[in-house]
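Trainee: Model the placement of chains B, C and D with the ligands on the given structure of chain A, informed by the hints.
Each chain, letter by letter, is given below.
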Amino acid sequence: MSVQKNPPRRREGLLFEKSAPGKRGCEVPAWDGPVADALDARWTRDEIEGFPELSEREVVRHFTRLSRLNYANDEGFYPLGSCTMKYNPKVNEKIARLDGFAEAHPLMPEGAVQGCLQVMADLERYLCEITGMDAFTLQPAAGAQGEFTGIKMVRAYHQAHGNPRQIVLIPDSAHGTNPASAHLCGYRVEEITSDERGCVHLGDLKERMREDVAVLMLTNPNTLGVFEREIGEICRVVHAGGGLVYLDGANLNAFVGVARPGDMGVDVMHTNLHKTFSTPHGGGGPGSGPVGVKEPLSRFLPVPRVVRHESHWKWSSDLPHSIGKVHGFYGNFGMHVRAAAYILANGAEGLREIAETAVLNANYLRKRLEGTYHLPYASASLHEVILSDRNLEKFGVRTLDVAKRLMDYGIHPPTIYFPLIVKGALMIEPTESEGIEDLDAFVDAMLRIAKEAEEDPEMLRKAPHTTPVGRLDEAAAARKPVLRWTPPVRPEVS
Amino acid sequence: MSVQKNPPRRREGLLFEKSAPGKRGCEVPAWDGPVADALDARWTRDEIEGFPELSEREVVRHFTRLSRLNYANDEGFYPLGSCTMKYNPKVNEKIARLDGFAEAHPLMPEGAVQGCLQVMADLERYLCEITGMDAFTLQPAAGAQGEFTGIKMVRAYHQAHGNPRQIVLIPDSAHGTNPASAHLCGYRVEEITSDERGCVHLGDLKERMREDVAVLMLTNPNTLGVFEREIGEICRVVHAGGGLVYLDGANLNAFVGVARPGDMGVDVMHTNLHKTFSTPHGGGGPGSGPVGVKEPLSRFLPVPRVVRHESHWKWSSDLPHSIGKVHGFYGNFGMHVRAAAYILANGAEGLREIAETAVLNANYLRKRLEGTYHLPYASASLHEVILSDRNLEKFGVRTLDVAKRLMDYGIHPPTIYFPLIVKGALMIEPTESEGIEDLDAFVDAMLRIAKEAEEDPEMLRKAPHTTPVGRLDEAAAARKPVLRWTPPVRPEVS
Amino acid sequence: MRYIPSGPAERKKLLLALGLEHAEQLFDSIPETYRLKQPLDLPPPHSEADLMAYFRGLSRNNLDPHDSAVFLGGGAYRHFIPAVVDHLISRAEFYSSYTPYQPEFSQGTLQSIFEFQTLICQLTGLDVANASLYDGASALAEGILLAHRVKRRRKVVVAGWVHPDYLRVARTLTETLGIEIVEVGAGGGGVVEPEAAARALSGDSAALVLQQPNFLGRVEDAEALCRAAHKAGALGLVVVNEAVSLGMLKAPGSAGADVALGEAQSFGIPLSYGGPYLGFMAVRSEFVRELPGRLVGQAKDSEGRIGYVLTLATREQHIRRERATSNICTNQGLCMLAATLFMATLGKQGMRELAQQNRSRAEYAKAVLSRTPGCRVPYSGPSFNEFVLRLPKDAAKVHRSLLDKQIVAGLPLSEYFPDRTQDLLICVTETNSRAQIDRFAQEMGRAL
Amino acid sequence: MRYIPSGPAERKKLLLALGLEHAEQLFDSIPETYRLKQPLDLPPPHSEADLMAYFRGLSRNNLDPHDSAVFLGGGAYRHFIPAVVDHLISRAEFYSSYTPYQPEFSQGTLQSIFEFQTLICQLTGLDVANASLYDGASALAEGILLAHRVKRRRKVVVAGWVHPDYLRVARTLTETLGIEIVEVGAGGGGVVEPEAAARALSGDSAALVLQQPNFLGRVEDAEALCRAAHKAGALGLVVVNEAVSLGMLKAPGSAGADVALGEAQSFGIPLSYGGPYLGFMAVRSEFVRELPGRLVGQAKDSEGRIGYVLTLATREQHIRRERATSNICTNQGLCMLAATLFMATLGKQGMRELAQQNRSRAEYAKAVLSRTPGCRVPYSGPSFNEFVLRLPKDAAKVHRSLLDKQIVAGLPLSEYFPDRTQDLLICVTETNSRAQIDRFAQEMGRAL
Ligand SMILES: Cc1ncc(COP(=O)(O)O)c(C=O)c1O
Ligand SMILES: Cc1ncc(COP(=O)(O)O)c(C=O)c1O
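Protein chains in written order, with our numbering: chain A, 1 to 494; chain B, 495 to 988; chain C, 989 to 1436; chain D, 1437 to 1884.
It is worth saying that the hints were derived from the structure and are not from the lab.
We treat Cβ as the ideally placed atom computed from N, Cα and C, and that holds for glycine.
No false leads were slipped in.
FRET-style restraints, in silico, Cβ to Cβ:
hint, chain 1, residue 1, chain 2, residue 2, range
1, A, 318, C, 1385, 52 to 62 Å
2, B, 623, A, 110, 46 to 56 Å
3, D, 1814, A, 307, 33 to 43 Å
4, D, 1631, A, 37, 25 to 35 Å
5, D, 1809, B, 810, 48 to 58 Å
6, C, 1001, B, 789, 42 to 52 Å
7, D, 1725, A, 38, 36 to 46 Å
8, B, 623, A, 307, 51 to 61 Å
9, A, 236, D, 1472, 13 to 23 Å
10, C, 1008, D, 1496, 55 to 65 Å
11, C, 1137, B, 666, 21 to 31 Å
12, D, 1475, C, 1183, 57 to 67 Å
13, A, 318, D, 1621, 24 to 34 Å
One chain only, chain A, in its complex shape:
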């Protein structure tokens, strides 16, 4: 019988496939002045070939449908490790959209944008207090750009002391942006191995800490969610060799309000406003990666700096040793407002409660899942816990299968296969934004999947079964990449 209880859903076509001539979704405003003479044809184009023509209704329906093919953090558990998928307060969206902010042109005279400058000055001050650093720049547009900015200042610092040095030390558990940023600053990267606790191998560090080492890029808690207890000693070793310590502050959520990197010997760090400070992840951005420094590095900060001048805020570029600019204007201001609002909403107590709850949640998950899933490092966890697929190997089930199957339970998978030092890693970061109900639902699903691995591994290997599309063949897609729509070739009319 051809009848199916679940008839196949229509695929949502591309914008271009829905287009038909003569339509538009928005008219230009009426203009009652003269129409300019056309420019000479050598400067101009014909119509934009292939560009879609759609009504407003169709645009709305298309993207509403597309949105419903996405999973949202507002909808359910989203434990993407290292990404801190916390709740994005709605009021922040409203604040960032206040006309006075949203319509402020970046080249406005300072007197016309005192509100914006105040927000930025406030945020710099809050970040200094929260991290224990002496000064912040808000220019970097994301964490990776923050890393670049920080390392570039390190370089300027060493240069000012006569020698930029050549090497950046990075633990093997670090995020890929660390080596990439170091490289972009003209440094050679050397890896530090992790010890059996998952932490920086102190012996290895000491060995590699030579005089051409510019900086150690440390992540703390590291990507295993483990606090580098020996950070004091680490900093001493590096400083003794004339090097500096950079902190990748992506994991600040683990201890915000509890401890401060600036008190631990860190010289320069970035923080991701789209992680600890709740600015929305937006399907991949925009983010913001402010960089904080200790006093000796502050003369290298990017310009312009927001400074107080009598009763007003002003921009100053009077910083001769500055590394220059890393952003076309002042960074992602829209994210600065949101982060400032988030800090004000929380206050000191609220921030501490964030760290406590994030760590509590992660440890609860660890407690309930370890055993069933293999726990590669037994060290105490802070805000995230890393498990692996070792216990499922005997059924031929891998981390990828577990991740895909979670979707059938209506849950977003954790980060997988990172950090690289854990084979088949499942990197689970619940954040403080999950309550018992959703934590337990995740645990239940994970435990059921472990059972399914035993009972029906084949089904797992074909998961997900309930998503708009099934498991996509990424390898094939990379082999013959189709990166844009092109008009279908019409069979010639005979």
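Mentor: This is chains B, C and D with the ligands only, laid out in the frame that chain A set:
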């Protein structure tokens, strides 16, 4: 094997089930003044028993999840007949939320709300032009309240002529609000039968048109989507008997910009801004049901009226024969703004294009579905087409089954079992907001369902199969109604 | 037209499918004589940018709400609205759908209504609540009609200061059914004497109506009044038009009310120049089949899963037509959702604190304003967030002069009661800062 | 804290499950010495109402955008944004999700990116575009790095008026890799002479960079410049910072560019005081494996259904680490979506008309302003929506005095080039009405 490819989704609990003590989603603002002494206990209450305690995050997640259990007009075809589920322009939402409008208190001095008064005056003028009536009131909060207001004015009119009369004539195809509104105005309702074309049976009308008939409530095009061609003659008959003609303008979308009720002999009418004029249906409202009258009835309009006074707009209650007020303030202003914006966006051409496209779409569906589905009335269709389940009877499949099954195809069912004069009615109103792609998808689904009726009627009778819950037992729910959550009774602790 | 998905090409294709040549033929069933020979006389189509500019301009012809201090209540209240409310009611799944006739496709709306009904029951201390009515005024009319149906008596006694507009609407909506509304004036304290109300009640009284707090902001003795009603065999109807007071004042149900109804605009719904607002009604369970409007109940599917459906529809017009409990069809759905979100977000503690703070701010304002030479508060008994201030001179004039200072000094009572020329009805909510209140008192002093 | 779902009861329960007594124990792995002994010194927690009031107050310390006439461009442009853009990017499914690592749960984001990539290719006339970069300035740096990788040459020639901030950023981002950026000044017409550019190019030139229209608003001869670049074996890089111009000016790809990159803020992204904006980059297909940033490609599942995935990830840092094409990870996702929505809504005709109207308004402004006695337009050749106006006296002073009249008279060029004391860079878009332009000219006349 206990493993299921599609594991059951968790039910989203009620707010009350998610509550835990000590939480709140919003704090009150800081108050730096004195705290008032507590009122005497005889005036006050203890805590609100059972009221939920939730964080903001939980509220957002709960309602985001609930929203995803809904089907949206922005998502797909929603051919709910008689409801005109057209596209709701996004800019109208933005306009209605402009601070100046959204924060205007209704008791503000007139000088402080000239913007609001202008909007209302504009809209009244537009509606007069569009319908051909002489004056409009915007007070009624929805169509049914508009009906009441109109009939009440009819009563006042007759009363002013010495006798309120006793009877309201209403065709048997009319919407249930018509008789209910007439009744509320103290009238007795008499039904007019429909003829074989689905229109007012002229003979029956003539017979019933006695001197105690106050008004005929006519829907045109009627609920079959058929234009009452003889409206001229109908009005003559009623007027000859000293009666008035009320037009239920719910179906104005069928001929807006093409013809005007005011030119056909209608004395009073309502229009639903949430239908023809695109204000959002909001899951059941709010709506708005302005009422238009011809000059002889205008002295009975509700007060206050917005009037011009020198260079300003003012409220005037100087209308001694007014029926009084039907709304606490001036009606659903938020809907007035949206409707005015919609009319301005369209202009005369746009409005006409609406009617043309709505009728075109309905006739296209009719053309493709008649035959497979039974067409009870062969008269020309305007904006909607009524089919029935007659052809499926032999398979034991009813209209309800077709409606439920449509959901499995991702399409909202049409209005069903209305109008009452068609057995097993499927009342399909595509509106102008559907393009060929969605019209065809609906046709395809309907044709497949007709085939499924033949091949697997049992499956149809159990549809839907893919929705968050299956077919709900409404009869059982009405028998023992559970209309609110109550705390679970805890087993006594022994 | 940008809102219509079919362009010229698609239009042609559809016409072709119908064998038509031009669109005019679609209207062949409308007699030629009625068809417009020329386009409507309306402004030209506006681009979105021009539309936005036009309406922004109009909105700026209103008083700037963020550059003024507004002390207006009188049936519409300015309260803070948490951002989650607008965020969620703006989801297309809520705002672009309609009455949940098809429950399997509408569980989001249905469950929200079920939650709303429960919240209203909890707040009012009654058993059943409906899914909304148009506004507080029409809710009062519906309440009176309900009492009329239940009691089959034709008189309704209105005790003391009920919102005058509510009464006007109630009269318009009920008078043709022969219902007579009798008002019992308030005593000197700004509240009605229960004895006076008792005297007005008789064997043909269907209900006694009181407003809590009343139109002058005073707390009525609802318990005594309801007792009097019951004694006369009438229902006790309590009208609430400042719903925030429910966080603090005795629940109508606990005070003996049979019906609580009113306006819930205060719960997350913008002032929006008077609408859309949110009428509500809750009753004792014995009257459930007499309730007007939609009701949602719990149901199950064949697998035993819980869901929600519209229920007891036989009360409604689409089934019972002229014998329905009301003619209402489209109600205030999205406002209901906003109120549900508001209540859920504030929660048990928030609702209480909000009420308390409204009162604290109002008491503070009462204190500082009554210290202004010549001003006094004529009714000294308990009030919530509104009170009457009596000036030594014409209140409307003072009101106008304060407007130039960007202060809306409440409502001159003369607008409703021409003889009350010296009274201002002043409302203070959590949106009025101490600085605003102090400035108000200062400028009042100058204006006198 | 209202953003955290666990209250005191749940917290206790979780602690109990871990066998802990108090939360401090959770941090045992952080050495005691580092743990804060007292709370951070931050303002107290703000209720939502107070938060809103505080930031609304700050936002009102900025110039009221609806009560002023702003003629500023210079890399950020005020354009009308259709309401659908904000409505759709505000859907939680888009804005609260992250990089689509798990394609089966992210088809909405992935398909949008695929559409964006296509739209950018169509606009630029090139073959492949990525999923976004931080902003136009960093896109230029990435473009230079790409040319450096492809050509293995260390010099980059910048021809004429490229945005000075873009150059500063490009320098910061590329200089440590030994890349040298050489500038070739523009000629008297405000554009660079192709011959001058050709002379500056040599065997160690990796690329020639030009901006179209250039920083002074003039249209460069991109074709001739790219030809010169190719002759020297270098790539032609075209920077676009007013993306609306692409609706009218020759597509960079058609003019011979190998790489088109820049800023697409003009497409539906609010000015927002300089960010977040939207860097983009498109290249000829031969360079696809050298592209920085994310790329989405088409894929299939086992049933042959089409879907979209992140692809060619081996270019990226999380796989290739220090040998990646760039360090970028989080990009400008939601801005990319806004731009996609903007382009889809305007569509083929809208993009063209928008460009034309920008030019018409700018030409009108040019005409009326240059009629002001003493003012002239020093560069008379073709321009788009920006142009330089030369005043008879100090431009910064005039600028300041017009500000008092609520007119932001463009950008005094002295802010970037101290010797250009008499020049204003003026931008006119569809948001500047004729009345605004006329008033600008009038007030300019008075100010001189
Ligand atoms: C540990 C760590 N470092 C750095 C980054 C890079 O930050 P961004 O994506 O903001 O550029 C990430 C982001 O995922 C991260 O998790
Ligand atoms: C024909 C007709 N008349 C009247 C009404 C009642 O209008 P409202 O729901 O706005 O009260 C409707 C609503 O569905 C209708 O379709």
